[in-house]
Amino acid sequence: MGNYTFQWRQAFRAFPEMLEGALVTLQISILSMLIGVTIAVLLAVGRDAKSRWLRAPATAWVEVARNTPALFQIYMAHFGLGSFGIYLSPYAALLAGIAFNNAGYLCETFRGAMRAIPGTQLRAGRSLGMGQAKAFRLIILPQMFRISFLPTTNQMIWAILMTSLGVTVGLNSDLAGVTQDLNARSFRTFEFFALAAVIYYVIAKAVMLGARLLAARLFRY
Amino acid sequence: MIEIENVHKSFGALQVLKGIDLTVQRGEVVSVIGGSGSGKSTLLTCINGLEPIDKGRIVVDGTEVHARDTDLNKLRRKIGIVFQQFNAFPHLTVLENVTLAPRKVKGMGRKDAEEIAVQQLSHVGLADKLNVYPSRLSGGQQQRMAIARALAMSPDYILFDEVTSALDPQLVGEVLDTLKLLADEGMTMICVTHEMSFARDVSDRVAFFHKGVMAEIGAPDQIFGDPQQEETRQFLSSVR
Ligand SMILES: Nc1ncnc2c1ncn2[C@@H]1O[C@H](COP(=O)(O)OP(=O)(O)O)[C@@H](O)[C@H]1O
Ligand SMILES: [Mg+2]
Numbered sequence: 001m002g003n004y005t006f007q008w009r010q011a012f013r014a015f016p017e018m019l020e021g022a023l024v025t026l027q028i029s030i031l032s033m034l035i036g037v038t039i040a041v042l043l044a045v046g047r048d049a050k051s052r053w054l055r056a057p058a059t060a061w062v063e064v065a066r067n068t069p070a071l072f073q074i075y076m077a078h079f080g081l082g083s084f085g086i087y088l089s090p091y092a093a094l095l096a097g098i099a100f101n102n103a104g105y106l107c108e109t110f111r112g113a114m115r116a117i118p119g120t121q122l123r124a125g126r127s128l129g130m131g132q133a134k135a136f137r138l139i140i141l142p143q144m145f146r147i148s149f150l151p152t153t154n155q156m157i158w159a160i161l162m163t164s165l166g167v168t169v170g171l172n173s174d175l176a177g178v179t180q181d182l183n184a185r186s187f188r189t190f191e192f193f194a195l196a197a198v199i200y201y202v203i204a205k206a207v208m209l210g211a212r213l214l215a216a217r218l219f220r221y
Numbered sequence: 001m002i003e004i005e006n007v008h009k010s011f012g013a014l015q016v017l018k019g020i021d022l023t024v025q026r027g028e029v030v031s032v033i034g035g036s037g038s039g040k041s042t043l044l045t046c047i048n049g050l051e052p053i054d055k056g057r058i059v060v061d062g063t064e065v066h067a068r069d070t071d072l073n074k075l076r077r078k079i080g081i082v083f084q085q086f087n088a089f090p091h092l093t094v095l096e097n098v099t100l101a102p103r104k105v106k107g108m109g110r111k112d113a114e115e116i117a118v119q120q121l122s123h124v125g126l127a128d129k130l131n132v133y134p135s136r137l138s139g140g141q142q143q144r145m146a147i148a149r150a151l152a153m154s155p156d157y158i159l160f161d162e163v164t165s166a167l168d169p170q171l172v173g174e175v176l177d178t179l180k181l182l183a184d185e186g187m188t189m190i191c192v193t194h195e196m197s198f199a200r201d202v203s204d205r206v207a208f209f210h211k212g213v214m215a216e217i218g219a220p221d222q223i224f225g226d227p228q229q230e231e232t233r234q235f236l237s238s239v240r
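Protein sequences, first through last, are from chains A and B.
This note's numbering numbers the first residue of the first sequence as 1 and each following residue consecutively.
This note's numbering numbers the first residue of the second sequence as 1 and each following residue consecutively.
These are calculated hints, taken from the structure and not from any lab test.
Heads up, incomplete: computed chain B residues facing chain A, CB under 10 Å, no partners named:
hint	residue
1	L50
2	V82
3	F86
4	H91
5	L92
6	A101
7	R149
Where is the CB? At the ideal position from N, CA and C, for every residue including glycine.
All chains, please: the whole structure from these sequences, using the hints.
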């Protein structure tokens with residue numbers, strides 16, 4: 001205690017390397033959101049479907065994704081699937097795990113948004129001669145998008161932070177992985193992790209700010 | 001011409017329409033009055049095929065609404081409907097609300113659709129609100145926008161379901177004036193309404209619904225001045 005001397009120069013020298021890691025982090029989070037949003041829309045439709053064969057798997061997905069630790073979900077994608085002969089690289093396993101988690105949470109977000117839109121909106125569209133799909137796309141979807149915009153942004157930030165769990169399955173190219181490697185080589189633990197934390201913080205804040213600006217442009221009603 | 005023949009309709013065990021017969025000619029204005037729960041709204045949603053029926057048939061210009069091979073999306077282009085809740089599309093401006101269906105259903109170009117929309121919105125007195133979002137409009141304005149939205153599809157018939165019931169009393173007049181204007185122009189209309197003086201002044205015929213049955217139909221003078229059925233008399237004295 002007390003005889004650890006801070007040495008920031010080494011950490012700052014590694015800064016470009018960490019920024020490269022941050023790009024990988026951002027890439028994984030964006031991909032996991034794209035996959036997550038797509039699956040979430042399908043799950044949202046599936047959870048309210050008439051067929052039990054659609055409802056049951058959709059419900060199971062949502063239940064597991066929301067009620068088990070994200071760490072386990074990523075472990076399952078990496079080691080669990082390995083037991084079935086499916087081997088995912090650390091990158092793919094992390095992406096799959098986070099996308100799985102995103103889909104579960106976003107499904108409920110989208111379902112809530114759908115419920116907030118009165119059924120009379122769809123009826124009004126149908127009355128004007130639109131088919132079910134057209135009325136959904138032109139009238140329901142844009143309103144859903146607005147209602148779920150902020151929760152979806154929050155999920156994006158959560159996804160960014162979840163990527164740091166990649167080190168547990170051996171990913172060393174993202175920000176957490178790069179930081180971990182630097183730490184192992186130098187033992188400047190505090191400096192590297194503090195710098196990494198600042199980078200995570202800045203990314204998260206930038207995403208939130210970007211989302212706010214986008215929302216102000218998109219939603220003028 | 002709208003021909004309604006022996007239409008029956010139930011929701012589960014609840015019989016809502018028990019054999020309705022009614023023919024509405026082109027250019028005619030028919031008002032439908034009656035107590036709440038008597039099946040008036042249900043009849044309107046059956047006419048444009050939003051609700052299936054259990055028995056009987058509804059024929060609009062020779063097309064049977066509930067026939068299997070009827071293209072309802074196409075049929076609905078000629079039957080406008082305006083609801084009690086205005087159902088403005090909140091994410092679209094007034095102009096976009098009105099151009100949406102002409103563009104996306106009829107495939108009209110933006111310019112043509114806007115021309116029609118501006119014309120219809122001027123007609124209902126909203127020419128100065130084109131680029132405003134519905135949340136900035138009063139209830140009466142939203143309802144007039146909904147009427148313009150229906151009119152922009154150039155329907156041959158319009159069904160009105162208690163279009164003034166959700167409005168503050170001081171806003172009822174402006175919407176009724178719009179309906180009168182349409183009636184004077186020869187639009188074929190079925191108006192479910194609680195506004196007895198409107199029904200009396202504007203309609204060619206008034207139908208009284210009671211518990212899923214059309215208990216009486218006739219000229220306004222006869223229905224209001226000399227009702228033949230006991231239920232009609234009771235209903236009229238209860239609303240006066
Ligand atoms: N979608 C529905 N499901 C079940 N019952 C309904 C539905 N729509 C209407 N009803 C019932 O049918 C009856 C007639 O309703 P409605 O046609 O709305 O009457 P009105 O417009 O004359 O007040 C009411 O008892 C109402 O509760
Ligand atoms: Mg009603």
